[in-house]
Amino acid sequence: MMESSALIQTIRDIVQRHNKMPTRLLQILREVQDSLTWLSAEAINAVAGELGISPDKVRSVATFYSFLYTEPHGSYDILFSDNITDRMLGNRELLHYLSERLGVEINSTRKDGLVSVGTTSCTGMCDQGPAALVNGYALTRLTKPRLDRIVGLVNAKTPLEQWPREFFEVVSHIHRADILLGRHFADGAALRAVLKRGPDAIVEEMVKSGLRGQGGAGFKSAAKWISCRNAPGEVKYVVCNADEGEPGTFKDRVLMQDFADLVFEGMTVCGRVIGARQGFVYLRGEYRYMVDALKATLQSRREAGLLGEAILGDPGFSFDIDIHLGAGAYVCGEESALIESLEGKHGVPRIRPPFPTTHGYLNQPTVVNNVETFASAAKIAVQGGDWFASRGTAESKGTKLLSLSGDCERPGIYEYPFGVTVRQVLEDCGAKNPQGIQMAGPAGHMISEKLFDRRICFEDLATGGSFMVFDHSRDILDGIRNFAHFFVHESCGFCTPCRVGTSLMRDLVDKVHTGHGTRADLEEMRKLGQIMRVGSHCGLGQTAPNPVLDSLDQFPESYERRLRSTAFEPAFDMNAALEQARWLTGRTDPDAYLDEEILQGAMP
Amino acid sequence: MSEESTFTLDGRKVPFRDGQTIMAAALAAGVYIPHLCFNPEFPPHGSCRVCLVKVNGRMQASCTAPAMAGQVVQSETEEIREIRRGILQMLFVEGNHVCPACEKSGACQLQAVAYYVGMLAPHYTHFYPRRPVDASHPDALLDFNRCILCELCVRASRDVDGKNVFAVQGRGIKAHLVVNTPSGKLGATDFSLSDKAAQVCPTGTILSKHSGYEIPIGQRLYDRKPINVVGDVAALAVSKGGRRHD
Ligand SMILES: Cc1cc2nc3c(=O)[nH]c(=O)nc-3n(C[C@H](O)[C@H](O)[C@H](O)COP(=O)(O)O)c2cc1C
Ligand code: SF4
Ligand code: SF4
Ligand code: FES
Ligand code: FES
Chain A
1 MMESSALIQT
11 IRDIVQRHNK
21 MPTRLLQILR
31 EVQDSLTWLS
41 AEAINAVAGE
51 LGISPDKVRS
61 VATFYSFLYT
71 EPHGSYDILF
81 SDNITDRMLG
91 NRELLHYLSE
101 RLGVEINSTR
111 KDGLVSVGTT
121 SCTGMCDQGP
131 AALVNGYALT
141 RLTKPRLDRI
151 VGLVNAKTPL
161 EQWPREFFEV
171 VSHIHRADIL
181 LGRHFADGAA
191 LRAVLKRGPD
201 AIVEEMVKSG
211 LRGQGGAGFK
221 SAAKWISCRN
231 APGEVKYVVC
241 NADEGEPGTF
251 KDRVLMQDFA
261 DLVFEGMTVC
271 GRVIGARQGF
281 VYLRGEYRYM
291 VDALKATLQS
301 RREAGLLGEA
311 ILGDPGFSFD
321 IDIHLGAGAY
331 VCGEESALIE
341 SLEGKHGVPR
351 IRPPFPTTHG
361 YLNQPTVVNN
371 VETFASAAKI
381 AVQGGDWFAS
391 RGTAESKGTK
401 LLSLSGDCER
411 PGIYEYPFGV
421 TVRQVLEDCG
431 AKNPQGIQMA
441 GPAGHMISEK
451 LFDRRICFED
461 LATGGSFMVF
471 DHSRDILDGI
481 RNFAHFFVHE
491 SCGFCTPCRV
501 GTSLMRDLVD
511 KVHTGHGTRA
521 DLEEMRKLGQ
531 IMRVGSHCGL
541 GQTAPNPVLD
551 SLDQFPESYE
561 RRLRSTAFEP
571 AFDMNAALEQ
581 ARWLTGRTDP
591 DAYLDEEILQ
601 GAMP
Chain B
1 MSEESTFTLD
11 GRKVPFRDGQ
21 TIMAAALAAG
31 VYIPHLCFNP
41 EFPPHGSCRV
51 CLVKVNGRMQ
61 ASCTAPAMAG
71 QVVQSETEEI
81 REIRRGILQM
91 LFVEGNHVCP
101 ACEKSGACQL
111 QAVAYYVGML
121 APHYTHFYPR
131 RPVDASHPDA
141 LLDFNRCILC
151 ELCVRASRDV
161 DGKNVFAVQG
171 RGIKAHLVVN
181 TPSGKLGATD
191 FSLSDKAAQV
201 CPTGTILSKH
211 SGYEIPIGQR
221 LYDRKPINVV
231 GDVAALAVSK
241 GGRRHD
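In order, the protein sequences belong to chains A and B. Using my numbering, the letters of the first sequence correspond one by one to residues 1 to 604. Using my numbering, the letters of the second sequence correspond one by one to residues 1 to 246.
Calculated directly from the structure, the hints in this document are not laboratory data. Beta carbons: idealized from backbone N, C-alpha and C, even for Gly. Among the clues, some could well be false.
Claimed, not checked - Now the in silico label distances, taken between C-beta atoms and shown as ranges: (1) B/L120 to A/P556: 29 to 39 Å; (2) B/H176 to A/T158: 51 to 61 Å; (3) B/Y213 to A/N19: 31 to 41 Å; (4) B/D246 to A/N135: 36 to 46 Å; (5) A/G52 to B/N228: 41 to 51 Å; (6) B/T181 to A/D475: 32 to 42 Å; (7) A/G103 to B/G212: 51 to 61 Å; (8) B/G184 to A/S35: 46 to 56 Å; (9) B/N164 to A/N19: 19 to 29 Å; (10) A/V235 to B/H176: 31 to 41 Å; (11) B/G184 to A/S75: 54 to 64 Å.
As the list claims (entries may be wrong) - Far from chain A, by Cβ distances over 12 Å, these chain B residues were calculated: (12) G46; (13) G70; (14) Q71; (15) E79; (16) G106; (17) G118; (18) D139; (19) L141; (20) K174; (21) V178; (22) L193; (23) S194; (24) H210; (25) R224.
Stated by the list, open to error - Okay, derived cross-link-like pairs now, EDC-like style, lysine to aspartate or glutamate, Cα gap no bigger than 20 Å in a straight line: (26) A/K345 to B/D159; (27) A/K527 to B/E76; (28) B/K174 to A/E71; (29) A/K527 to B/E79; (30) A/K527 to B/E82; (31) A/K527 to B/E78.
Chain A extracted, bound-state conformation (with noise of 0.2 Å):
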C-alpha cells in the first residue's frame, strides 16, 4: 500500500486531470484503482475530499460495479469470462488449472497480493474464446499453454504492456456483409450530405428509411430523434450505447473496432439534427482496449474537420464526442441508468416516464441509441432512406447484425436482410445438428427445431443481436442454468421482484439442475416468472425470467428427466435443511448447499 501523502497526491491528480468534475466519478475511481490496485477506505474519502462530494455516494459507485473493488486487490486481476458459450469451449477447465498453477484459490486473491482469479459475465469475445480480461484488457483464445506463459509473466511480475501482443488479439470474423457492412463509406460523407441538404431532409430520409433502434426493443429511430429535436432544452446530448452487455453479443464491439468513424459519424449526423454539441459514447469496461484507438480516430476526425468546433467550416455546426469507459454492469445498458452512470453515480434505472427525450444527461434532452443505430444512420444520411427501406421486411426495414457463436463452425458477425430465417442462418454458420437457439441473448428467447423456420424481424423474433447455437449434445439445461446465475449477479438491487426473484429463481434451477427438483419446483418457476415478468422496475427484471419460462414450454424433457418423482413433493426438502446446517458450520459462500458434490454424496 503507498503512504498516505502519495495516496493524496495521486488521487488529487487524478481528480484534477478530470477537472474535479462529479460526473467523471466512475472514469476517476477506474483510474485510481489502476493505480492502487484496489479503492480503500482512505482512497475513497480522498476521492469524496477531492471532489467535495460525501463519501457514500463515492461508496455507493464504489460498491455497485463489479470491477471496482473495495477489498484488497491483486495487482493482476484475472476476470475468466463464463458465458454458457465460453463453458462450451471448456473455460471451467481453464480456470481451474489457472488457479493451480498459480496457487491461488478461485475468487480470492493470492496471499502475496499479486494475484486475483475469478469469473466474470460474457466479456463479448464469444466468437474467439475461451475469454479472460487481465486488468480490463481482453484475453482471448485462451488454452493451457498460453495459461502457463501467462503464470510466467504474472509471477515475474511482467508489466501488461511487454506481454506478448497476440494475446491480446481481438479479430473481427466478418463471415457476411450486407449494406452496413459490405459498402465503402467515405469519412464525411454524411456531414456534408446534412450540410448540403439541411436537417430537415435528413429527418425526413430517416422516417422513410423506416430505421429501428438495433439495441433490441425497435422504437423507431426518427420518431426519437424528432422527439429530442423537438424538446424545450438548451442544451441537449447525443449518447451512443457501446455497453453491449447481452451475453453472446459482440456485433458493436466490431463497429467500434473497424467501423467507428461511421458511428462518430452518424453521431454527429444526429447531433446536428438534435441541435447537440456533445455526444458521449458510453463503452462497456470490457473493451477498454479499444480506448486508445478510438481517442486517436476521434483526434483525426478533428484534425480534418470533421468534429469539433465549426465542422467542415460550418460556425454553426459543432459537436464533439467523448468517450465514457463503463466497470461491470449489464443493467447500465438500460439508457436510464446508462444515464446514471454516465453522471458519474451507480447504475439504477431511472423512474420512466419521462423518456430520456425530454430528460436525459443532467435532465436534458437526449438521444440514446445503440451503436449500429447510429451506424445505419449514417448510411441513410448518405444512401437516402428508400435506399435502406429496399431491404428488410414491412415493418422492420434495413438490415440487421447477428453474432453468432456456440456450436458452429463459422461463429462470427452475419448481417441479413431482416426477414431471414433461423434455418437460413445456421445453415450458413455451420451448425451441424442443433437442437436450439438462444436467440437476443438470456433475456430473449430460447427456439427450439420446430421453431427454425421463424424469421429475424421485429413482427416475429426481434433481437439485439446475440445467437448462440446448442447442439445435440449440450444439455439446454446448463445453459438455463448459466443465464439464470447471470441474472443474480446483474441485479441492480433497487426493486423487488427481481432483487430477490433473480436469487429465488437461481435457486429452483439450481434444485432441479442437481436432480432435487419435483414437478411442484417446475410449477413455481411459472409462478415467479410471471411475478418477475410484470412486477420489476426495469426490462432486466422483466426478462430475466425468459430462459426458464422458453425452457419449460420448449424443452420441457431436459427439465422433466431430472425431476426426482415427477408426481409427488417430497415433506423433507434437502434444500432448506442443507441450509441451516450451512449457517450453523459457518460456510459463507452462497452456494455451498447446493454443491455438486455433497449434493451427489447425499443422493440415495
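For chain A, the structure is supplied; the task is to place chain B with the ligands on it using the hints.
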C-alpha cells in the same frame, strides 16, 4: 368534475389533478392501494413494487404511474393480490423477520400489508442473511435484519433532516443499508429520535431504545383493524399508536 380528469379504479371514478400519480389520486379519494416505499410526504421511489396495479391491461407501479383521463385501473383482483403476495413473501424471506420477537409487531406496516394481501406464510426458502444489529446509539437501535430497502430513512435523513445518516450500498441481492460513518455505527452520527428518519420506517428496523412494549400485543395499531382502515404507521401520531411526532 369534467370527464377528462377522472380515471376508474376497480370500477369507481377517481378524480385527479394534472401531474398526480394513480396512487396519489387514489389516496386523496380515500381508496387504499397497498404500498411500502411510498409515503405521501416524499417523491415516489418505485422500488418495493407492492403497489402494482393493472393500467389499461398493463401492470404498473401506481406510485409512479401518472394518472391519465379515462384510464381503467384494476387493483383488488385476485391476479394482482397473488402477485403482491409473492412480492411480500420475497421481502420476508430476504431478511430475517421474527415477528413474535419484534417490538414493532402489530404496528408494523410490512406485517399489516402482508395481512392485507392475504399472505399467511413466507412460502419461499429463507435466505437467512447475516446482518448484525447496531446498538451503538444511546437512544436508537438498528436491526438491519428487518430492512426492506425502501430508502425512506435515507430520503428523510438526507432531504428533511439534512443529516444524510443512511445509504444503500452494494448491488443486487448484496444491496444493503449502511450508516454513513467510517465505523458504520449509528452512535457516531448526530441521528436523533426526533429526526424525520426515525419516524418513517415501515418495518421494525429503526427502534427507540428506552420504550418497548408499551402498548400490549392485541391493542396495537393493526391488531383490531386492517391497514386500509387505519392508515400508515408513519402517517399517524404517536398518541394514536403511530410513529409521527405529535
Ligand atoms: C437490462 C438492459 C440492458 C440493455 N443493454 C443494452 C445494450 O447493451 N446496448 C443497447 O444498445 N441497448 C441496450 N438496452 C436497450 C436500451 O435501454 C435502449 O433501448 C437502447 O439503447 C436504445 O437504442 P436503440 O433505439 O438504438 O436500440 C438494454 C435494455 C435493458 C433493459
Ligand atoms: S428489474 Fe429492478 S432490481 Fe432488476 S435491474 Fe431493474 S431496477 Fe434493478
Ligand atoms: S431501515 Fe426502514 S426505512 Fe430505512 S430502508 Fe430499511 S426498511 Fe426502509
Ligand atoms: S465472451 Fe465468452 S461467450 Fe461472450
Ligand atoms: S409503493 Fe409503489 S413501488 Fe413501493
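Against the structure, the hints:
1. B/L120 to A/P556: 29 to 39 Å: Because 31 Å falls inside the window, the suggested range holds.
2. B/H176 to A/T158: 51 to 61 Å: 39 Å, violated
3. B/Y213 to A/N19: 31 to 41 Å: Violated - the Cβ-Cβ distance for B/Y213 and A/N19, about 56 Å, lies outside 31 to 41 Å.
4. B/D246 to A/N135: 36 to 46 Å: 58 Å, violated
5. A/G52 to B/N228: 41 to 51 Å: 46 Å, holds
6. B/T181 to A/D475: 32 to 42 Å: This hint is violated: roughly 50 Å between Cβ atoms.
7. A/G103 to B/G212: 51 to 61 Å: 53 Å, holds
8. B/G184 to A/S35: 46 to 56 Å: With a Cβ separation near 26 Å, B/G184 and A/S35 fall outside 46 to 56 Å, so the hint is violated.
9. B/N164 to A/N19: 19 to 29 Å: 25 Å, holds
10. A/V235 to B/H176: 31 to 41 Å: Holds, at about 37 Å.
11. B/G184 to A/S75: 54 to 64 Å: 28 Å, violated
12. G46: 5 Å, violated
13. G70: 18 Å, holds
14. Q71: 14 Å, holds
15. E79: Not fine: 9 Å to the nearest Cβ puts B/E79 too close to chain A.
16. G106: It holds; B/G106 is separated from chain A by about 23 Å at its closest Cβ, greater than 12 Å.
17. G118: 15 Å, holds
18. D139: 22 Å, holds
19. L141: 21 Å, holds
20. K174: About 7 Å separates B/K174 from the closest Cβ of chain A, which leaves it inside 12 Å; violated.
21. V178: 8 Å, violated
22. L193: 22 Å, holds
23. S194: 22 Å, holds
24. H210: It holds; B/H210 is separated from chain A by about 29 Å at its closest Cβ, greater than 12 Å.
25. R224: 28 Å, holds
26. A/K345 to B/D159: Judged against 20 Å, a Cα distance of about 18 Å means the pair holds.
27. A/K527 to B/E76: 19 Å, holds
28. B/K174 to A/E71: Measuring from Cα to Cα gives roughly 15 Å; hence the hint holds.
29. A/K527 to B/E79: Within the cut-off at roughly 11 Å; holds.
30. A/K527 to B/E82: 10 Å, holds
31. A/K527 to B/E78: 14 Å, holds
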